[in-house]
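Number of protein chains: 2
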Amino acid sequence: GEAPEAEEEPEDPWQDEEYFGNYGTLKLHLEMLSDKSRTEAYRQVILGNRAFLKNKVVMDLGCGTGIISLFCAQLAQPSTVYAVEASSMANYTRQLVKQNGFEDTITVLQGRIEEIQLPQQVDVLVSEWMGNCLLFEFMVESVVLSRDRWLRDGGVMWPSSAALSLVPCQADTYYSENMSFWDRPYGLDFTPLQLLAQQEFFTKPKFSHIIEPKDCLAPPCDVLFLDMYTLQVRDLEELKGHFHFCVEKSGTFHGFTAWFTVYFESLEAGDTTVELNTGPNAEPTHWKQTLFMLDTPVSVCAGDSISGDITVHRNHTWRRHMTVTFEWTIKTSTEDSYSCQVGKKSFPMWR
Amino acid sequence: GEAPEAEEEPEDPWQDEEYFGNYGTLKLHLEMLSDKSRTEAYRQVILGNRAFLKNKVVMDLGCGTGIISLFCAQLAQPSTVYAVEASSMANYTRQLVKQNGFEDTITVLQGRIEEIQLPQQVDVLVSEWMGNCLLFEFMVESVVLSRDRWLRDGGVMWPSSAALSLVPCQADTYYSENMSFWDRPYGLDFTPLQLLAQQEFFTKPKFSHIIEPKDCLAPPCDVLFLDMYTLQVRDLEELKGHFHFCVEKSGTFHGFTAWFTVYFESLEAGDTTVELNTGPNAEPTHWKQTLFMLDTPVSVCAGDSISGDITVHRNHTWRRHMTVTFEWTIKTSTEDSYSCQVGKKSFPMWR
Ligand SMILES: [Ca+2]
Ligand SMILES: [Ca+2]
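Line by line, the protein sequences are chains A and B.
If you use the numbering used here, the first sequence corresponds to residues 22 to 372, in order.
If you use the numbering used here, the second sequence corresponds to residues 22 to 372, in order.
It is possible that some hints are incorrect.
[As the list claims (entries may be wrong)] Straight-line Cα separation of at most 30 Å, BS3-like style, residue types lysine-lysine; simulated pairs:
#	chain 1	residue 1	chain 2	residue 2
1	B	K366	A	K48
2	B	K309	A	K309
3	B	K57	A	K309
4	A	K227	B	K366
5	B	K225	A	K309
6	A	K227	B	K227
7	B	K48	A	K366
8	A	K57	B	K235
9	B	K270	B	K235
10	B	K270	A	K227
11	A	K365	B	K366
12	A	K57	B	K365
13	B	K57	A	K225
14	B	K225	A	K48
15	B	K48	A	K235
16	A	K57	B	K227
17	A	K57	B	K309
18	B	K235	A	K48
19	B	K75	A	K48
20	A	K227	B	K309
21	B	K227	A	K225
22	B	K309	A	K225
23	B	K48	A	K48
24	A	K227	B	K57
25	A	K235	B	K57
26	A	K48	B	K309
27	A	K309	B	K227
28	B	K48	A	K225
29	B	K227	A	K48
These are calculated hints, taken from the structure and not from any lab test.
Using the sequences and the hints, build the whole thing.
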C-alpha cells in the first residue's frame with residue numbers, strides 16, 4: 022500500500038464550490054451542447070430506445086441544462102424523468118422544462134446525489150459523467166453511488182461501459198513550439214530556458230490536444246475498461262492497464278495520447294450499440310485528446326515495439342484529481358542487433 | 022467628479038502577486054517571444070538605430086526574458102543596458118545574458134521600478150508595456166514614472182507614441198455561437214438562457230478576438246493618442262475620444278472592435294518610424310483584437326453614420342483594471358426619411 026499524499030489537509034477534498042461553481046456558468050454548458058458528437062450520441066440512444074423507454078422511470082444524473090431529460094420527453098414517453106443537478110444551473114433547467122411543456126414528465130432536483138431523495142427507484146440511469154482521460158474529476162463515483170442506491174435490479178446504465186485508449190505519437194509542432202523554440206530564436210541562445218520549459222509544459226498532460234491520425238505511430242490499444250454495472254468505488258483508487266504497440270512507421274516518439282470511448286447498449290431488438298468515440302479517427306469532440314509528453318523524444322523505426330503499463334492513481338487528498346504513470350520499454354531488433362530502452366514518467370492531473 | 026467604487030478595500034490594489042506571478046512562468050514569455058510582429062518590431066528599432074545607440078545608456082523596463090536588451094547588445098554597441106524585471110523571471114534573464122556573453126553590457130535588476138536604483142540616468146527608455154486595448158494592466162504608469170525619474174532631458178522613449186483604433190463591426194459567428202444557438206438547438210426551445218448568455222458573454226469585452234477585414238463596417242478611427250514624452254499619470258484616470266464612422270457596406274452592427282498601434286521614432290537620418298500595428302490589416306499578434314458586443318445587434322446600411330464617444334475610465338480600486346464606455350448615435354437618411362438611434366454601454370475590464 023502507499024502512504025496518503027496529504028501534507029495539506031484540504032477543507033473540501035472534492036472542491037465542490039469550484040467544481041459546481043464552474044457548472045453554474047453557461048460557458049461549459051454551451052461547449053457541451055455545441056459538441057454535436059456528444060449530444061447526438063445521447064440523442065441517438067434515446068431515439069433508438071424509444072419503445073423500451075415507454076412508461077419507464079429515468080434518472081439523468083448531473084443533467085446540466087437538462088438536454089438528455091428533454092430528449093427523453095421529446096422523443097420517447099417515459100413516465101418520469103428525474104433530472105438531478107448540483108449546480109445553480111438547475112434553476113434554468115426548470116425554466117427550460119417548463120418552456121418546452123415537459124413539466125409533467127421531468128422533475129428537476131437540485132442537490133448532490135448523496136443528498137437528494139427520489140420517491141422511487143429508477144429503470145434507467147443515464148449520465149454524461151466523462152472527463153478528460155475518461156476519469157478526471159471523478160464524477161463517475163457519483164454515478165456508481167446513484168446506481169447502488171437508486172437503480173432497480175436489472176435496470177439499465179447509459180453509458181453501459183467505457184474504455185480508455187492509448188497510442189504512442191509524434192507531437193512535432195507542440196515540441197518545436199515549446200522546446201526547440203529556445204535553441205536559437207532571433208540568433209540568440211535561449212537554451213538556459215529549456216529545463217524550465219520542460220517542467221512547465223511537459224510535467225502535466227496537455228488537455229485539449231488534437232492528434233492527427235498521421236501522428237499515431239501505431240494502432241491504438243484499449244488499456245482500461247469499465248463495466249458500469251459492476252464498477253465499484255474502491256476500484257477507482259488504482260486502475261492498471263497494459264499496452265503493446267507495434268510501430269508502423271518510423272518517426273519521433275514524443276509521448277502518449279489518450280482518449281476514451283463509451284458504449285450505450287440497446288434494449289431494442291435489432292438496434293445496435295451506440296458508441297461515443299473521442300479518438301483521432303472520430304469527429305473531434307470538446308474533450309479532444311490528452312497528450313502526455315516524454316521529457317526527451319525517442320526516434321523509433323517501423324517494426325519497433327513499445328510495450329508497458331499505465332496506472333491511473335486517484336489522488337488520496339484531492340478526490341477529483343489523479344496521477345497517470347507510464348512505464349515503457351522500446352525494443353528494436355534487426356538481423357544483427359537488438360536494443361532495448363526503458364522509461365517511466367508520472368503525470369499529475371491536476372495535483 | 023465620480024465617487025470611488027471601493028466597496029471592498031483590496032489588500033493590494035495592484036494585485037502584484039498575481040500580476041508578476043504570471044510573468045514568472047514561461048507561458049506568457051513564450052507567447053510574446055513567438056509573436057514575430059511584436060518581437061521583430063523591437064528588433065528593427067534597435068537595428069535601424071544602431072549608430073545612434075553607440076555608447077548610449079538604455080533602460081529596458083519590464084524586460085521579461087531580456088529579449089530587447091539582448092537585441093541592443095547583439096545589434097548595437099550601447100555602453101550599458103539596465104534590464105529591469107519585477108518577476109522571478111529575472112533570474113533566468115541573468116543566465117541568458119551570461120549564456121550569450123553580454124554580461125559586460127547588460128545589468129539585470131530585479132524589482133519594481135519604484136524601488137530599484139540606477140547609478141545614472143539613461144539616454145533611452147524602451148519598454149513593451151502595451152496590454153489589451155492598449156492600456157489594460159496599466160503597466161504604462163510604470164513607464165511614465167521611470168521616464169520622470171530616470172530618463173535624462175532630451176532622452177528617447179520607445180515606443181514614442183501610441184494610438185487606440187476603433188471600428189464598428191460584424192461578429193456573426195461569435196453572435197450565433199453564443200446567442201442564436203439557444204433559439205432552437207436539437208428542436209428544443211432554449212430561449213430562457215438567452216439573457217444569461219448575454220450577461221455571461223457580452224458584459225465584458227472579448228479579448229483575443231480576430232476580426233477579418235471584411236467584418237469591418239467602416240474605415241477605422243483613431244480614438245485615443247498617447248504622446249509618451251508628455252503623458253502624465255493623472256491623464257490615465259480618464260481618457261476620452263470621439264469617433265465618426267461612415268458605414269461602407271450594409272450589414273449587422275454587432276459591436277466595436279479595438280486595437281492599438283505604437284510608433285518608434287528613428288533617431289537616424291533617413292530611417293523611418295517603426296510601427297507596430299495590431300489591427301485587422303496587419304499580421305495577427307498575440308494581442309489579437311478586443312471585441313465589445315452590443316446587447317442587441319443593429320442592421321445598418323451603406324451611407325449610415327455611427328458617431329459618438331469612447332471613455333476609458335481607470336478603476337479607482339483595482340489599479341490595473343478599467344471600464345470602457347461607448348455612447349453612439351446611428352443616423353440613417355434617405356431622400357424622404359431620416360432616423361436616428363442612440364445607445365450606450367459600459368464594459369468592465371476586468372472589474
Ligand atoms: Ca463531462
Ligand atoms: Ca504586454
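Quick one: which hint numbers does this structure break? Sort them smallest to largest. 4, 10, 11, 12, 19
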